Amino acid sequence: MPDIDPAAIPSTTDRRWPGLLAIALIVASAALAFAWTAGWLTPGRLTPQRFTDAIEAANGQVWQGFRRAHAKGVCVAGYFEGNGQGQALSSARVFAPVRTPFVGRLSIGGGSPYGLDNQARVRSMALQLDSDDGQQWRMAMNSFPFFGVSSVQAFHEQTLANAPDPATGKPDPARQAAFAAAHPEFARFAAWAKSAPWPTSWANTTFNGVNTFRFVNRAGEVHDVRWSMQPRAAFAAMTPEQRAAADGDFLGEDLGARLAQGPLRWDMLVTVAQPGDAVADPSQSWPEDRRRVNVGSVVIESATPQATGACRDINYDPLVLPAGVQGSDDPILAARSAVYSVSFNRREHEIAGGKAAAATGRAAPQEATP
Amino acid sequence: MNRPTPSPRPPRHFNLVARVLHWSMALAILAMLFVGVGMVASLSLRPVLVDLHRPLGIAILLLVIVRLINRLRHPPPPLPADLPRAHAFAARASHWLLYTLMFAMPLVGWSMLSAGGYPVTIFKGFALLPIAPHHATIYAVLRSAHTWLALLLFATVLMHLAAALFHAWVRRDGVFASMARGALALPPPAAADADLESVEDKPIAPAPTNQRQQ
Ligand code: HEM
Ligand code: HEM
Ligand code: HEM
Numbered sequence: 000m001p002d003i004d005p006a007a008i009p010s011t012t013d014r015r016w017p018g019l020l021a022i023a024l025i026v027a028s029a030a031l032a033f034a035w036t037a038g039w040l041t042p043g044r045l046t047p048q049r050f051t052d053a054i055e056a057a058n059g060q061v062w063q064g065f066r067r068a069h070a071k072g073v074c075v076a077g078y079f080e081g082n083g084q085g086q087a088l089s090s091a092r093v094f095a096p097v098r099t100p101f102v103g104r105l106s107i108g109g110g111s112p113y114g115l116d117n118q119a120r121v122r123s124m125a126l127q128l129d130s131d132d133g134q135q136w137r138m139a140m141n142s143f144p145f146f147g148v149s150s151v152q153a154f155h156e157q158t159l160a161n162a163p164d165p166a167t168g169k170p171d172p173a174r175q176a177a178f179a180a181a182h183p184e185f186a187r188f189a190a191w192a193k194s195a196p197w198p199t200s201w202a203n204t205t206f207n208g209v210n211t212f213r214f215v216n217r218a219g220e221v222h223d224v225r226w227s228m229q230p231r232a233a234f235a236a237m238t239p240e241q242r243a244a245a246d247g248d249f250l251g252e253d254l255g256a257r258l259a260q261g262p263l264r265w266d267m268l269v270t271v272a273q274p275g276d277a278v279a280d281p282s283q284s285w286p287e288d289r290r291r292v293n294v295g296s297v298v299i300e301s302a303t304p305q306a307t308g309a310c311r312d313i314n315y316d317p318l319v320l321p322a323g324v325q326g327s328d329d330p331i332l333a334a335r336s337a338v339y340s341v342s343f344n345r346r347e348h349e350i351a352g353g354k355a356a357a358a359t360g361r362a363a364p365q366e367a368t369p
Numbered sequence: 000m001n002r003p004t005p006s007p008r009p010p011r012h013f014n015l016v017a018r019v020l021h022w023s024m025a026l027a028i029l030a031m032l033f034v035g036v037g038m039v040a041s042l043s044l045r046p047v048l049v050d051l052h053r054p055l056g057i058a059i060l061l062l063v064i065v066r067l068i069n070r071l072r073h074p075p076p077p078l079p080a081d082l083p084r085a086h087a088f089a090a091r092a093s094h095w096l097l098y099t100l101m102f103a104m105p106l107v108g109w110s111m112l113s114a115g116g117y118p119v120t121i122f123k124g125f126a127l128l129p130i131a132p133h134h135a136t137i138y139a140v141l142r143s144a145h146t147w148l149a150l151l152l153f154a155t156v157l158m159h160l161a162a163a164l165f166h167a168w169v170r171r172d173g174v175f176a177s178m179a180r181g182a183l184a185l186p187p188p189a190a191a192d193a194d195l196e197s198v199e200d201k202p203i204a205p206a207p208t209n210q211r212q213q
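Which chain is which? The protein sequence lines are A and B, in order. Numbering follows numbering that gives the first Met the number 0, with no gaps: position 155 of the first sequence is 154. Numbering follows numbering that gives the first Met the number 0, with no gaps: position 194 of the second sequence is 193.
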């Protein structure tokens, strides 16, 4: 380009071609790079959308307007009361001796909003705490003490293995066995699912954060932690007979009865990791002797149906955190944040599109079904 | 954003503020577009990228306010007089569209998070106040708008990029230089300064009136 003879330029059309070609190449490369970044050119890449598709397939159908997992639940409200002990670990305002109100949700695992409570191995508690310094903390915890697998890829495989076989309407046992064989860490989870007692209520179930988070205190010291909500309500396990005879909606009925008697409490126990503990693998437990700090209590005062409750339009993304709490290198945590957002977007679009009569309370809910 | 009729001495270049804002915002907006589509398609990078996406998007909102004020106070250089009318119209319309989207994208992002009930965190411990009520339908509409407007913005930027390079490499009419650099104090020595832009700037062929020249 530098030494152009000015006289040669004006009329020669062929001089336009190098420029036009370069422009076309640049624009096409930019468009291609964009499409690649968006994942449009790599249908085999596991994205949050494709993960959510797999969950929907495993659910057997899409229940419009409902969460793609933990679909059946109830909104609850109450407060978290810090006791001051957590302040040495984290500068989060909720750990001060103050009451922080929350909008929460108690649920059972599974994609059906009509799942049977007495067959749901996993129960859950989600909280959104709004502290008086304007910050927010969202958490979503489960009754299992550790996750079944150590990677996002493996959880995707587990989800696929649990998808119903079109022929039988049930998961293919051969596929599930192949999954378990490929992921030896899953055996611990399977053993838990088989042998752990079934508490009689949400109120006497322990809920575990499972993933690792980082607490940062006022001095800037960082600790890797996990936490659990341990019930104050007396523990009682269901016998197999009681469980078989229980109503498919017994958890909600029990909750209503208990709340009529007074608020329900859990203690928040924070476990602090030692160097070398598995902080990036939620399928690995930490040794029993780790320091545990009781930092305050969760108090549930009331419950409302999820169709009309304040928890319906909340995405309990575990990475919505206040100052003083951070995510960790645990890859499951980042994946949860990504997949919950897709699940939330889909259900909110279904509600907006008027396709979610049951989820919004405009149609009578179905009976619980297996 | 109408181009003013050339005053006795119309500027040949965008002023320094306009140029610095144009190129820094071009970089930031392209980054936002790639970060945006990349983070929603990633199972691992979302937390890091979304923490970058929100503050950078709000920074763009603040910068475009400064940019619009500067633009209204300092009229841009006129387009070359020999530019076909349709072409000139396309240039003006696309610049309007770009300004509209530079305002709309961050505002939609902010209000969409508000309607979704999310804190609009700018940095750890600091969140903007919500600018829309927490509501499923409002969220769904804004969330879709954020995607479609982003795609429209990307398409417009690509056309704008193609047009800018067309001016630089095909028409060689000084339009690119008007955004690429400022007026020099002295006219450049004709032969010594043989870089691409000065060549474009040289009156090639009989200079049409109003052509942007050095
Ligand atoms: C990669 C792993 C995981 C995936 C893909 C996943 C997927 C999902 C999805 C799609 C939802 C519905 C979100 C919504 O629409 O709001 C959900 C809800 C939930 N998940 Fe997970 N999950 C994962 C791991 C975990 C872990 C490790 C825990 C427990 C500590 C957990 C606890 C919960 C709870 C409690 C809810 C219900 C929250 C609520 O009430 O809104 N999940 N999960
Ligand atoms: C995200 C990207 C971009 C945006 C939003 C953008 C926006 C704009 C806008 C609004 C104008 C009108 C002048 C003003 O008021 O500032 C303009 C002018 C201009 N832009 Fe961009 N731009 C982008 C990227 C680019 C790129 C990548 C190039 C070149 C390769 C470019 C080259 C130019 C040129 C040469 C002008 C002057 C046009 C004239 O005088 O009419 N822009 N741009
Ligand atoms: C110039 C400004 C902006 C551009 C170009 C932009 C672009 C994008 C793009 C391309 C996406 C991906 C959309 C999709 O594929 O569906 C996205 C998503 C997103 N944007 Fe922006 N954005 C801007 C400003 C903002 C602002 C100011 C905020 C918030 C304060 C914001 C919050 C978000 C969030 C949270 C998502 C992910 C939503 C989800 O996962 O559902 N954006 N953005």
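Treat the hints with care, as some may be off.
[To be verified] Facing chain B, a subset of chain A residues (Cβ under 10 Å, in silico): (1) Gly-261; (2) Arg-346; (3) Ala-351.
[Unchecked claim] Which residues of chain A face chain B? A partial, calculated answer using Cβ under 10 Å: (4) Val-97; (5) Glu-347; (6) Ala-355.
[Stated by the list, open to error] These stretches of chain B come out as covered by chain A in the derived footprint (C-beta under 8 Å, 3 or more residues): (7) 18 to 26; (8) 40 to 48; (9) 68 to 81; (10) 95 to 106; (11) 129 to 138.
If you're looking for bench data, these hints aren't it; they were derived computationally from the structure. Predicted, not measured: the structure shown is a model, and the values here were computed from it. Just so it is clear, CB atoms sit at the ideal spot from N, CA and C, and this is done for glycine as well.
Hints, one by one, checked against the model:
1. Gly-261: violated, 29 Å
2. Arg-346: The hint holds - Arg-346(A) has a Cβ within 10 Å of chain B, the shortest such distance being about 8 Å.
3. Ala-351: holds, 3 Å
4. Val-97: Result: violated, 17 Å to nearest chain B Cβ.
5. Glu-347: Where the cut-off is 10 Å and the nearest Cβ of chain B is about 5 Å from Glu-347(A), the hint holds.
6. Ala-355: Because about 9 Å separates Ala-355(A) from the closest Cβ in chain B, which is inside the 10 Å limit, the hint holds.
7. 18 to 26: violated (count 0)
8. 40 to 48: Per the Cβ count (7), the hint holds.
9. 68 to 81: Contact hint for the segment 68 to 81 of chain B vs chain A: violated, 0 residues under 8 Å.
10. 95 to 106: violated (count 0)
11. 129 to 138: Satisfied; 5 residues make the cut.
Consistency with the previously given hints fails for numbers 1, 4, 7, 9, 10, ordered from lowest to highest.
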